[in-house]
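*Asks:* The primary structure of each chain is shown beneath.
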Amino acid sequence: MKKIFKAISSLALTAMLACSVIGAVGCGGSTTSDVDEEGNTVIKIAFHVDKESAEGKAYAKRISAFNTAYKDQKIKASASYIARSAGATDYETTLINQQNSNKLADIITFDAPNCASYAQSKLIYDISNIVPSSVKSDFITVNEYQGKLYGLPIQESSAGFFYNKALFAQAGIDASGYTAENPWTFAQFKEVCGKLKSAGITPVDMRMDATQDEMATYLLYPFIYAAGGSFVSEDGYTATGYFNSQESKKGFQFLKDLVTEGYTSYAIGATDFFTGSVGMYLSSGWTIPDIDSKYTSTFPDRNSWGLLPYPQDVQKASATGSWSYAITNNHHKDKSKIKELLLWMVTPESSKVITDATGMIPARRSVETNYEAGSPEDVLMKQLQSTGVQRPVTVGYPAFSSNFRSVIYGLGDNDLTTLLNARANDIQDRLDVLASRN
Amino acid sequence: MLWLITGIVAAALFAALMAVVIKDIVVAKKKKVRYGVRESVSAYLLLAPATILALIFVMLPIVYSLGYAFTDYYLLEPDYMQFIGFENFIKIFESIGKQGMIYHAIINTLKFVVGVVPLQIGLALGLALFVNNKRKGTGIFKVCYFAPVVISLTITAQLWLQILSPSETGLLNSILGWFGVPPQDFIRNEEGAIWWIVLLSAWQGCGYQMLIFLSGLSNIRQDLYEAASLDGANKWQQFLHITVPALRSTFLFIVITVFVGASRVMVQPMLMTDEKPHTITISYWMYLEGYRYREVGYSAAMALLMTIVMGAITLVQRTVLREKD
Numbered sequence: 001m002k003k004i005f006k007a008i009s010s011l012a013l014t015a016m017l018a019c020s021v022i023g024a025v026g027c028g029g030s031t032t033s034d035v036d037e038e039g040n041t042v043i044k045i046a047f048h049v050d051k052e053s054a055e056g057k058a059y060a061k062r063i064s065a066f067n068t069a070y071k072d073q074k075i076k077a078s079a080s081y082i083a084r085s086a087g088a089t090d091y092e093t094t095l096i097n098q099q100n101s102n103k104l105a106d107i108i109t110f111d112a113p114n115c116a117s118y119a120q121s122k123l124i125y126d127i128s129n130i131v132p133s134s135v136k137s138d139f140i141t142v143n144e145y146q147g148k149l150y151g152l153p154i155q156e157s158s159a160g161f162f163y164n165k166a167l168f169a170q171a172g173i174d175a176s177g178y179t180a181e182n183p184w185t186f187a188q189f190k191e192v193c194g195k196l197k198s199a200g201i202t203p204v205d206m207r208m209d210a211t212q213d214e215m216a217t218y219l220l221y222p223f224i225y226a227a228g229g230s231f232v233s234e235d236g237y238t239a240t241g242y243f244n245s246q247e248s249k250k251g252f253q254f255l256k257d258l259v260t261e262g263y264t265s266y267a268i269g270a271t272d273f274f275t276g277s278v279g280m281y282l283s284s285g286w287t288i289p290d291i292d293s294k295y296t297s298t299f300p301d302r303n304s305w306g307l308l309p310y311p312q313d314v315q316k317a318s319a320t321g322s323w324s325y326a327i328t329n330n331h332h333k334d335k336s337k338i339k340e341l342l343l344w345m346v347t348p349e350s351s352k353v354i355t356d357a358t359g360m361i362p363a364r365r366s367v368e369t370n371y372e373a374g375s376p377e378d379v380l381m382k383q384l385q386s387t388g389v390q391r392p393v394t395v396g397y398p399a400f401s402s403n404f405r406s407v408i409y410g411l412g413d414n415d416l417t418t419l420l421n422a423r424a425n426d427i428q429d430r431l432d433v434l435a436s437r438n
Numbered sequence: 439m440l441w442l443i444t445g446i447v448a449a450a451l452f453a454a455l456m457a458v459v460i461k462d463i464v465v466a467k468k469k470k471v472r473y474g475v476r477e478s479v480s481a482y483l484l485l486a487p488a489t490i491l492a493l494i495f496v497m498l499p500i501v502y503s504l505g506y507a508f509t510d511y512y513l514l515e516p517d518y519m520q521f522i523g524f525e526n527f528i529k530i531f532e533s534i535g536k537q538g539m540i541y542h543a544i545i546n547t548l549k550f551v552v553g554v555v556p557l558q559i560g561l562a563l564g565l566a567l568f569v570n571n572k573r574k575g576t577g578i579f580k581v582c583y584f585a586p587v588v589i590s591l592t593i594t595a596q597l598w599l600q601i602l603s604p605s606e607t608g609l610l611n612s613i614l615g616w617f618g619v620p621p622q623d624f625i626r627n628e629e630g631a632i633w634w635i636v637l638l639s640a641w642q643g644c645g646y647q648m649l650i651f652l653s654g655l656s657n658i659r660q661d662l663y664e665a666a667s668l669d670g671a672n673k674w675q676q677f678l679h680i681t682v683p684a685l686r687s688t689f690l691f692i693v694i695t696v697f698v699g700a701s702r703v704m705v706q707p708m709l710m711t712d713e714k715p716h717t718i719t720i721s722y723w724m725y726l727e728g729y730r731y732r733e734v735g736y737s738a739a740m741a742l743l744m745t746i747v748m749g750a751i752t753l754v755q756r757t758v759l760r761e762k763d
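Each protein sequence line maps, in turn, to chains A and V. Its first residue numbered 1, the first sequence is counted upward by one per residue in this note's numbering. Its first residue numbered 439, the second sequence is counted upward by one per residue in this note's numbering.
There may be inaccurate statements among the hints.
[Claimed, not checked] Ranges of calculated distance between the beta carbons of each label pair, as one might list FRET restraints:
| # | chain 1 | residue 1 | chain 2 | residue 2 | range |
| --- | --- | --- | --- | --- | --- |
| 1 | V | 518 | A | 38 | 24 to 32 angstroms |
| 2 | A | 182 | V | 585 | 32 to 40 angstroms |
| 3 | V | 516 | A | 38 | 14 to 22 angstroms |
[Unchecked claim] Derived list of chain V stretches under chain A, where covered just means 3 residues or more per stretch with a C-beta under 8 angstroms from a C-beta of chain A:
| # | region |
| --- | --- |
| 4 | 550–559 |
| 5 | 598–605 |
| 6 | 621–627 |
| 7 | 706–714 |
| 8 | 737–746 |
The hints are simulated quantities; they were obtained by calculation from the structure and are not laboratory data. Treat the numbers as computed from the prediction; the structure is a model and nothing was measured. Built from N, CA and C at the ideal position, the CB exists for glycine as well.
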């Protein structure tokens, strides 16, 4: 009897141990308090960067300033930093896990192309009625889906053609007339490439090899818009007839011609432009500090290199896009105090602090930039304001992006029509599945 | 809802564990074995933390995955998950029929397995035979051959991307350039890319199997070789009639582990080409479906099918290679 009692006691102990472990995991379902011990309403905000990075420190600085400014109103911001150790998917997975365990922050940062899918899935909140129109109109771009506002950009980016002035001079090219306001044409672009090639210089690194991640999509999609093409219908659910339209094909054909005519290739080394063997290099603003600091033997000063805008065909188009803020559809139903933090994080002052840390372009027009006229930063800023076009807004963005990259990857060796039709059908299959969920 | 399911599954698994404990106690009492109930319960108590963690982190995900395979779970909308029966499986077979990406993933995975299993095992055995002697300096070779195993796959993939760079300055192209061969785009080549990934993987993984073979080789009695030598057997005959039979169980283990590892290849194509028809593999496609395209249900269905196929093949391998008693 005594032994049986002991056995039952031991079993009970085991059960308690098991339950405590399972309980520790299972307790994730409860929500954390929205009010701290001092009676402050706590607004949680999640950032996609490491806290110790320059960008993370800039966010922390603005959060600290917010807490000081709103101390009397009993509103307190609490920031979490989710470093993207394995890319943007890693960050997204964390957000989804938080949503499933009812722990999603009140404000999140998100990569702009995800706006449609996040909005469609109600992960993020419609802020159309929260953001004053004067604020909204001050942004160069905003994140909208089906006519509603869902996100405000943290900062902006644009890309262009960095060029080696010495090599241009060697090829007898004067590029001074091509400005952000008056971009060059597809034909003029090819003409410049032709002159460089004739001078024995590899004309341009179009980053055709950057198809392992979003880079190729980000840098090359404007060519399709410039040729009059598009990728999906306005509602974002139809790709066939858009992705493979005649106009889109014309844009892709231009890129293909650059390969087949020997103006660019998939084999250009990552540093070939920086070591002085390639005339032009398509990249974003983040290349500016690299050229200034790392490649001084090829580019000793800013007179040795310049930045040219995207070429135009039937219309002007240039790359835009960065991360944005959004209010989430979490358990916190009263969004009035969350609004305060959102609007604080996008004030011109916040924008200045953050862009000073990242070197990117401010998302708001009213932010003073002090860019020298004609400087690379000035070219990017003006181009962004006058010709910036967002990547397609569609719930099937991941399918669009990977298929776009597949087209770029296969441009050199495949029949373009066949390639575009196959990729358009693949995107359409994905969009059909997503549409069936509505 | 998700937590309710977790709770039910966890409770069921825990109840199963408790049943095993109780059964063990009853059997022990009936058979009047030497160890008592207290020892038995203590043993299970000691095992409990590991068992519970295994249940949570191994069994639960498997059970979840099984369940998800029959749902339309979309990663961003877990609350709208619905039971859809065999629809995901039908879609998979339809996609194979239409020669969609899953078709390419299957073909590439087959190519990878067919290439990497014999190559990696052959390399491992060759290296093991080479370093399996008492000559001076073989320790250095062992370290060299094993080094790639401890290097992250991400780093080795990047290293090989540099070696195979299509640029004139790429290592392999530079060497080819000495012989007047124009630069080759090895990884974009639709026919050749998967075989480069096979080579990389075999190179990276063979050091580990080499150690296992070495362990097997050290267990073979030297007098067998001496006797064979006295009987006039040459080295090849000794290898064929002594080494190979003695390594049968080692072979079985290595073939199964290399086969299973090869069937799950994902990191190399992910890092070297991203999602491309000529290098996509089943595991990578499952990952893409689940995370990039957020179709968790569909991805889970693929995982279930793959588990069944792999299990069946492993059983066949075990039967064919099983050591005769």
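*Asks:* Hint by hint, say whether it matches the structure.
*Replies:* Each hint tested on the structure:
no.	hint	verdict
1	V:518 <-> A:38: 24 to 32 angstroms	39 angstroms, violated
2	A:182 <-> V:585: 32 to 40 angstroms	57 angstroms, violated
3	V:516 <-> A:38: 14 to 22 angstroms	35 angstroms, violated
4	550–559	violated (count 0)
5	598–605	holds (count 3)
6	621–627	holds (count 3)
7	706–714	holds (count 6)
8	737–746	violated (count 0)
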